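Engineer: As they're listed, the protein sequences go chains A and B.
For the first sequence, my numbering begins at 1 and goes up steadily by one.
For the second sequence, my numbering begins at 295 and goes up steadily by one.
Derived by calculation from the structure, the hints in this document are not laboratory data.
None of these values were measured; they are calculated from a predicted model.
Where is the CB? At the ideal position from N, CA and C, for every residue including glycine.
Heads up, some of the hints might be wrong.
[As the list claims (entries may be wrong)] Not everything, but these chain A residues come out facing chain B in the computed CB check (under 8 angstroms):
{"hint": "1", "residue": "Pro38"}
{"hint": "2", "residue": "Leu39"}
{"hint": "3", "residue": "Leu87"}
{"hint": "4", "residue": "Leu106"}
{"hint": "5", "residue": "Asn118"}
{"hint": "6", "residue": "Met119"}
{"hint": "7", "residue": "Leu137"}
{"hint": "8", "residue": "Thr140"}
{"hint": "9", "residue": "Ala163"}
{"hint": "10", "residue": "Ala166"}
{"hint": "11", "residue": "Leu187"}
{"hint": "12", "residue": "Pro244"}
{"hint": "13", "residue": "Ile259"}
{"hint": "14", "residue": "Leu266"}
As a plain string of letters, each chain reads:
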Amino acid sequence: MALPSYTTTGQRVGWYAFLTYCGLVFFFLIAPIFVILPLSFSSSPFFEFTREFMNFEPEAWTLRWYRQMVGIASVGDTTVVSNKWMLGTRNSFIIGISATFLATALGTVAALGLSRRNMPFKGTIMAILISPMIVPLIITSAGMFFFYSKIGLTHTYLGLILAHTALGTPFVVITVTATLTGFDTNLIRASQSLGADTMRTFFKVIMPLILPGVISGALFAFITSFDEVVVVMFVGSVEQITIPKQMWAGLRQEISPVILCMATCLVALSIALLTTVELLRRRSERLRGIKLRN
Amino acid sequence: MNEKTAGSILTTEGIPLKVSLQKAERRNKIRAILLVAPLLLFILFTFLIPIGDMLLRSVDDSYINTVFPKTFKEYKKWDRQGLPSEELYKTMFFEVKEGSGRSIGKATTRMNYAKSGWKSLLKKSKRKFKKIEEGPYKEQMIAIDKRWADIEYWKALGVMVDPTTAGYYLNAVDLKYNVDKEVVRQKENRRIYNHTWVKTFKVSILVMIFCLMLGYPISYLLSTLPLKYSNLLMICVLLPFWTSLLVRTVAWMVMLQQKGVFNNLLVMSNIIADENRFKLMYNETATIIVMTQILLPFMVLPLYSVMKTISPNYMRAALNLGASPLHAFWKIYMPNSVPGISAGCMLVFILAIGYYITPELVGGKDGQMIGNWIAYHLKTTLNWGLSAALGAILLGVLTVLYWVYNKLVGIENIKLG
């Protein structure tokens with residue numbers, strides 16, 4: 001952004017100091033995430049940049065940890081470890097996808113109800129529905145651990161899926177309600193007056209308009225479940241390994257660069273999800289005729 | 295329109311319009327409730343009831359009453375002056391002798407919280423009671439272990455007679471019941487929680503302040519830059535938001551450890567010597583740095599959305615009227631951005647206060663917060679009453695904050711990007 005010609009030297013200095021400060025903050029936000037990408041290719045087993053690595057010497061760069069992660073390991077006992085990563089990936093996807101479907105269905109329907117003009121106790125109900133996002137995970141996990149063990153849901157996939165669904169619904173409710181603000185209810189009336197029944201109106205008129213919000217909500221719910229570790233540790237059994245649980249175990253016991261490989265994959269996943277959500281948001285704003293940012 | 299005329303207008307079916315409208319309104323209301331009901335019930339059963347159930351453990355003291363029902367009944371007759379009667383010794387004797395080892399073991403854990411020594415006393419006694427066939431029991435018990443003649447042990451039982459207790463809450467703030475059920479302070483070396491509470495608040499407030507200091511300028515920049523730049527920079531804020539918490543924690547371990555990137559850079563550029571590398575990992579500093587980075591997006595998003603609505607004309611007008619840029623900022627821009635500041639600060643504080651994963655991984659010994667103690671008692675010491683009490687206090691604080699947040703900002707205005 002160019003400064004106007006009448007600015008004094010002092011103002012210029014101030015402005016560039018401000019820009020530098022902002023640059024440093026952005027660096028603080030983003031640098032740690034990208035620091036791990038190159039390190040996952042380093043042959044050093046300690047998370048550090050060695051001199052050889054910095055000089056791009058071929059023997060300092062390796063795909064060994066990635067091979068271990070997917071289970072093609074040459075070293076005897078590492079196969080067990082690497083299998084755990086793949087098992088974790090499978091479990092994370094099973095739990096994540098199931099929880100996402102449940103959370104999206106429940107959350108979307110609830111958001112439709114909450115956005116109605118004549119919903120009683122709207123504020124209180126909204127506060128309750130959002131609370132899983134606010135209550136510390138350690139308290140949630142403790143509660144679920146005791147209660148689910150009473151009704152036999154601990155150590156089951158069902159228990160984990162239900163728990164993650166509860167944690168994911170606030171995101172769906174928030175994004176779908178946000179899409180529904182400015183929703184023209186006349187469209188529903190028009191559809192009904194033209195003879196469409198409730199279901200047809202929902203799928204043909206409402207759904208296409210709120211779809212961007214629903215999908216972003218679903219992606220939020222998915223990433224919430226995919227990242228969640230505390231509930232999995234308390235409610236799940238020892239064998240129910242997920243990616244974050246395996247990372248947690250890895251960080252606390254044997255610090256292995258395989259963690260960095262998985263972290264790199266997760267960063268790639270989050271970039272993909274973020275891009276999707278950003279594109280959807282813009283599409284949604286365009287559809288609803290709201291001006292883009294700025 | 296008054297009652298009379300409203301009543302006289304009829305619909306085509308001949309029903310008064312007012313009645314018909316009311317009916318339609320009611321139907322709409324029911325429809326709205328029916329849409330919300332499934333999720334509300336789901337949250338109730340999978341989330342709220344479990345938490346409520348857990349919180350009940352913080353006052354629950356009924357288990358021990360199921361192990362020693364007769365003893366406690368007999369106990370209430372005791373005047374607490376001098377040693378109890380033969381009758382009380384006798385009931386205690388039989389309930390210890392005949393009770394299952396497992397339930398006695400569980401009960402003694404609880405008894406040890408009231409007076410340490412009970413556990414070893416009962417363990418020893420249970421073994422030796424087998425040989426005793428007939429009374430009088432009082433002398434024989436005292437002969438086995440002279441602690442049976444110590445009135446302090448008997449008095450301590452009085453703390454556990456009621457099926458509910460406030461004892462765990464007292465423990466959670468470094469107080470306890472003495473054997474006479476008076477509230478006293480914990481012994482010097484066992485006072486840990488008040489210190490941890492203070493630390494939890496301190497860390498949360500510091501994280502909140504740092505987030506504001508870092509978040510305010512970049513939100514301002516984002517809200518004033520042209521769209522094509524701000525969208526790109528917004529990615530920098532949103533990407534950490536979407537990246538796994540554990541991944542970001544790992545990344546910080548890589549950055550901050552002794553041989554980590556940060557220290558290496560400083561050594562390479564000869565700012566510090568190789569042997570005085572900073573200890574940035576496994577302490578409170580690490581907890582604060584990492585939590586600040588993790589929670590920063592939650593500060594930027596509400597700030598940005600408020601700053602977007604502040605018209606640049608206000609600042610221009612102030613400058614035009616002769617205010618210096620700083621003065622104009624302080625008097626015009628800042629007050630306008632207060633809703634964003636309060637929303638961001640509250641959200642960051644609310645999320646920070648219950649943090650567990652980050653302090654556990656990077657906090658070392660001195661960076662632990664109250665969430666870590668809850669987990670510790672849940673997993674390691676199995677003192678579930680105490681972890682429930684700590685959780686209940688934390689939840690109480692959060693409920694107040696959440697309520698204020700809802701009043702100030704409105705929960706439906708939470709921004710997720």
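Engineer: Against each hint, give a clear statement of whether it holds in the structure.
Structural biologist: Results for each hint:
1. Given hint, Pro38(A) at the interface with chain B, is violated; its Cβ is 10 angstroms from that chain's nearest Cβ, farther than 8 angstroms.
2. Taking 8 angstroms as the C-beta cut-off, the interface hint given for Leu39(A) holds, the closest approach to chain B being about 6 angstroms.
3. Evaluation of the Leu87(A) hint against chain B yields a violated restraint, the C-beta minimum of about 17 angstroms exceeding 8 angstroms.
4. Annotation: interface hint on Leu106(A) holds; nearest CB of chain B at approximately 4 angstroms, less than 8 angstroms.
5. For Asn118(A), the interface hint holds, the least distance from its beta-carbon to any beta-carbon of chain B being 5 angstroms, beneath 8 angstroms.
6. For Met119(A), the interface hint holds, since its Cβ comes within 8 angstroms of a Cβ in chain B; the closest pair sits about 4 angstroms apart.
7. Annotation: interface hint on Leu137(A) holds; nearest CB of chain B at approximately 6 angstroms, less than 8 angstroms.
8. Taking 8 angstroms as the C-beta cut-off, the interface hint given for Thr140(A) holds, the closest approach to chain B being about 7 angstroms.
9. The interface hint given for Ala163(A) holds, since its Cβ lies 7 angstroms from the closest Cβ of chain B, which is under the 8 angstroms cut-off.
10. A distance limit of 8 angstroms between C-beta atoms decides the matter here; for Ala166(A) the minimum to chain B is near 4 angstroms, and the interface restraint holds.
11. With a least beta-carbon distance of about 17 angstroms to chain B, the hint placing Leu187(A) at the interface is violated under the 8 angstroms criterion.
12. For Pro244(A), the interface hint holds, the least distance from its beta-carbon to any beta-carbon of chain B being 5 angstroms, beneath 8 angstroms.
13. Hint status for Ile259(A): holds, given a least beta-carbon distance of 6 angstroms to chain B, under 8 angstroms.
14. The interface hint given for Leu266(A) holds, since its Cβ lies 5 angstroms from the closest Cβ of chain B, which is under the 8 angstroms cut-off.
Of the numbered hints listed earlier, those contradicted by the structure are 1, 3 and 11.
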